[in-house]
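Listed in order, the protein sequences are those of chains P and Z.
Counting from 1, position 393 in the first sequence corresponds to residue 393 in this note's numbering; the numbering is continuous, with no gaps.
Counting from 1, position 233 in the second sequence corresponds to residue 695 in this note's numbering; the numbering is continuous, with no gaps.
It should be emphasised that the hints constitute simulated quantities derived from the structure, not laboratory data.
Among the hints, a few may not be true.
[Claimed, not checked] Using 25 Å as the maximum straight-line C-alpha spacing, the simulated DSS-like pairs for lysine-lysine come out as follows:
#1 K740/Z / K703/Z
#2 K607/Z / K647/Z
#3 K607/Z / K456/P
#4 K501/Z / K456/P
#5 K647/Z / K583/Z
#6 K583/Z / K626/Z
#7 K525/Z / K501/Z
#8 K456/P / K601/Z
#9 K398/P / K428/P
Treat the numbers as computed from the prediction; the structure is a model and nothing was measured.
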Amino acid sequence: MQTTTVFLILTALCVVSFITGRKRSQIVAMQQGGLSTLHSLPNHYGYMAAVWAALPALLVLILWTGFEGSVLHKLVVAQLPPAVQALPAEELGLYYNQVQGFARGAIDSVQLDEAQVKAAAFYRETASTFSQVKAALVFIVAVLGALLALRRITPVLRARNHVEKIFEWVLFGCSFLAVLTTLGIVLSVLFEAIRFFNVIPLTDFLFGLQWSPQMAIRANQVAASGSFGFVPLLVGTLLISAVALLIAVPVGLMSAIYLSEYASRRFRAVTKPVLEILAGVPTVVYGFFAALTVAPFIRGLGESMGLDVASESAMAAGLVMGIMIIPFVMSLSDDIINAVPVSLREASLGMGATMNETIRRVVLPAALPGIVGGVLLAASRAIGETMIVVMAAGLSAKLTINPLEAVTTITVQIVTLLVGDQEFDNPKTLAAFALGLVLFFVTLLLNVVALYVVRKYREQYE
Amino acid sequence: MSATTAVNENTRSMMERNVSMDKTSALEMERQADMEAYKTIGSPLVKDAKMSARNVNVFYGDKQAILDVSLDIGRNEVLAMIGPSGCGKSTFLRTLNRMNDIIPICRVQGDITLDGEDIYKSNQDTVMLRARVGMVFQKPNPFPKSIYENVAYGPRIHGLAHSKAEMDEIVENSLRRASLFDEVKDQLDKPGTGLSGGQQQRLCIARAIAVSPEVILMDEPCSALDPIATARIEELIDDLKEKYTIAIVTHSMQQAARVSQRTAYFHLGKLIEVGSTKDIFTIPQHQLTENYITGRFG
Ligand SMILES: Nc1ncnc2c1ncn2[C@@H]1O[C@H](COP(=O)(O)OP(=O)(O)O)[C@@H](O)[C@H]1O
Ligand SMILES: [Mg+2]
Chain P
1 MQTTTVFLIL
11 TALCVVSFIT
21 GRKRSQIVAM
31 QQGGLSTLHS
41 LPNHYGYMAA
51 VWAALPALLV
61 LILWTGFEGS
71 VLHKLVVAQL
81 PPAVQALPAE
91 ELGLYYNQVQ
101 GFARGAIDSV
111 QLDEAQVKAA
121 AFYRETASTF
131 SQVKAALVFI
141 VAVLGALLAL
151 RRITPVLRAR
161 NHVEKIFEWV
171 LFGCSFLAVL
181 TTLGIVLSVL
191 FEAIRFFNVI
201 PLTDFLFGLQ
211 WSPQMAIRAN
221 QVAASGSFGF
231 VPLLVGTLLI
241 SAVALLIAVP
251 VGLMSAIYLS
261 EYASRRFRAV
271 TKPVLEILAG
281 VPTVVYGFFA
291 ALTVAPFIRG
301 LGESMGLDVA
311 SESAMAAGLV
321 MGIMIIPFVM
331 SLSDDIINAV
341 PVSLREASLG
351 MGATMNETIR
361 RVVLPAALPG
371 IVGGVLLAAS
381 RAIGETMIVV
391 MAAGLSAKLT
401 INPLEAVTTI
411 TVQIVTLLVG
421 DQEFDNPKTL
431 AAFALGLVLF
441 FVTLLLNVVA
451 LYVVRKYREQ
461 YE
Chain Z
463 MSATTAVNEN
473 TRSMMERNVS
483 MDKTSALEME
493 RQADMEAYKT
503 IGSPLVKDAK
513 MSARNVNVFY
523 GDKQAILDVS
533 LDIGRNEVLA
543 MIGPSGCGKS
553 TFLRTLNRMN
563 DIIPICRVQG
573 DITLDGEDIY
583 KSNQDTVMLR
593 ARVGMVFQKP
603 NPFPKSIYEN
613 VAYGPRIHGL
623 AHSKAEMDEI
633 VENSLRRASL
643 FDEVKDQLDK
653 PGTGLSGGQQ
663 QRLCIARAIA
673 VSPEVILMDE
683 PCSALDPIAT
693 ARIEELIDDL
703 KEKYTIAIVT
713 HSMQQAARVS
723 QRTAYFHLGK
733 LIEVGSTKDI
743 FTIPQHQLTE
753 NYITGRFG
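Turn these sequences into a full structure, and let the hints guide you.
Put into structure tokens, the structure is as follows:
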């Protein structure tokens, strides 16, 4: 039986348990002298029965699904001729895969020997028994769970607390999962990075001025020995981010001021969502806009002024990235400016200050810490941005602070290191993890500072 | 039970009686009843008026908040405005220095003059007007700046001081007149938001008088303060009336009795009764006024 079917049946069982539980609690209560004798609402008893039907059965289902494959493997292998069983693990694996593939109808019998065909038949048979047993087991556990819960229903049973507790645990489980996966990612990046630093000294990585990660993959291959100095990447990243922020912060901030202080309610109601849609445009779209439209334009403009502009320049990437984060800066600043109490504006206007003076002397100073926090968040977005830079800023890791030249960034290098053939113990591949770790720390730092600043600002008006 | 709920219940029962009528026309009737001409009892006009309002109507969108109010504020007097909450005291007060301009849906009709000059005339500069008619708000709202900068704010934007020494003098004088100087003279560079509530409100008064206004509008300036801080502000108001004309909204009748010379009683956007404070509190003419000051409403 398919797992989906099992699921459907389980859901139906839950619904039935819910209805029965609710009904039963009402009946029990009536015998005791009315609904008011119930500790909890009838619905709570229903939920309780449903949860008891679902959770143990789900647990069984998950465990079964988890172990099914390896048990099946063991059983089938035990059936094989001893000569095959004696094969080295890798060959046995290949042999077994063919059996499995044939049993599922993925490959045809021509390539197989007789023993495999026989094993496949056995495989098929066992698998179908397994799935029937699974369905039956899940069904029995669900019914048992529901019956157990239904039997326990009495007016004094604290079903509400019970349900609340279970709900809390389910929520805890979900958040635990989220934290666990994040931790897993960070740790795996960390360990791979440590492997990298075993080959390339940490100091070479942090202070090296040269980035050319070409390394021989095979012993006899001709290639540079590779140098992994990360400074040019950091400078490139900061350069592009700086250009982006120089554009996004003034424009975003001013439009936020206009929206929150001057614009009519109608204008605001239309403009803000539209600008926020801009934030949802996939960055790859901005990327080809940068590469195909903006970069040539800047090059042409530069040439007409007698400047030497690379066809892929930090300027083009930064400019488009700036446009991309304008809505982000605007939306954040708008919220922060709106959080400045109206009473402060009234105080200033009531003294005879103009709108402009009020904004410059009262609203912006009061909102400044929050705005700084917003800008830092925007900066961490700019630093993490990849697509635009891949397309518009190029790959050459030049150590320069001239925005008219091509530079590259940390994220872009991660992409290029992992595109194409690679070996997972080659420093070239491992370098991606080291870069990822650095990127993680830089954005983490920015976010922590930003959150700290924003929080401090919040307290000011409470 | 507050006055507004009492009235709401009246209208509700009236509407229930007219169940056959649809809701809009019931509301329409109610509105017409509200708009009925009425006459303010007492003496809204004075001889030597500093500010005077004639036939003022104020609307928030379609909703009328002030109905045909005419009222004078005499030179160097303290005028108290009392009435149940929501009756339009703040709205009326804010028409006097055009603070209502910053509310987009608010519309003001009628004539309001300061020293005989129309303050709603088309070429009136609100910057100059608000420098002459200052305002103190219900909740103390010092800027998150130093005490010094709070007081210096007005003089700065109006360019009243030409040197640091002049500014120091203005700040000191204003703080003295708000009887705050002695308490804060050693901490002028500390944030104004760090003061106690009563000190903050006196700081706001100092800030308002730093630009030498002629009229000071106060909207329930003590409602967020404890009795001791309130007493200090009331003393201060008494001193200030030597130099300034003051209009104060208050929800405390004792306060109105203590600080004001004249009292105006508002009810649902109408100016019901106005007269010398002594008369209003001892021999109120209108039933509504009497109900309110004897506490049958509040
Ligand atoms: N900004 C505003 N927008 C719409 N209606 C308002 C606004 N301010 C006040 N009102 C309405 O005007 C009426 C008078 O309010 P207000 O002047 O604040 O009364 P008071 O100060 O006497 O308590 C109230 O019904 C209130 O709901
Ligand atoms: Mg008010």
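Each hint, compared with the structure:
1. With a CA separation close to 18 Å, the supplied pair K740/Z and K703/Z stays within the 25 Å bound.
2. Among the hinted pairs, K607/Z with K647/Z is consistent with the structure: their alpha-carbon atoms are about 16 Å apart, no more than 25 Å.
3. In summary, the hint linking K607/Z to K456/P is supported, as the alpha carbons are separated by about 16 Å, within the 25 Å threshold.
4. For the hint linking K501/Z to K456/P, the alpha-carbon distance of about 55 Å lies beyond 25 Å, and the restraint is violated.
5. Under the criterion of a C-alpha separation no larger than 25 Å, the hint pairing K647/Z with K583/Z is inconsistent with the structure, at around 42 Å.
6. A hinted pair counts as satisfied when its Cα atoms are at most 25 Å apart, and K583/Z with K626/Z does not qualify at roughly 36 Å.
7. This hinted pair checks out: K525/Z and K501/Z have alpha carbons roughly 21 Å apart, not beyond 25 Å.
8. Distance restraint check for K456/P and K601/Z: the Cα-Cα separation of roughly 23 Å lies within the 25 Å cut-off, and the hinted pair is therefore satisfied.
9. In summary, the hint linking K398/P to K428/P is supported, as the alpha carbons are separated by about 18 Å, within the 25 Å threshold.
Violated hints, in rising order: 4, 5 and 6; the structure is consistent with all others.
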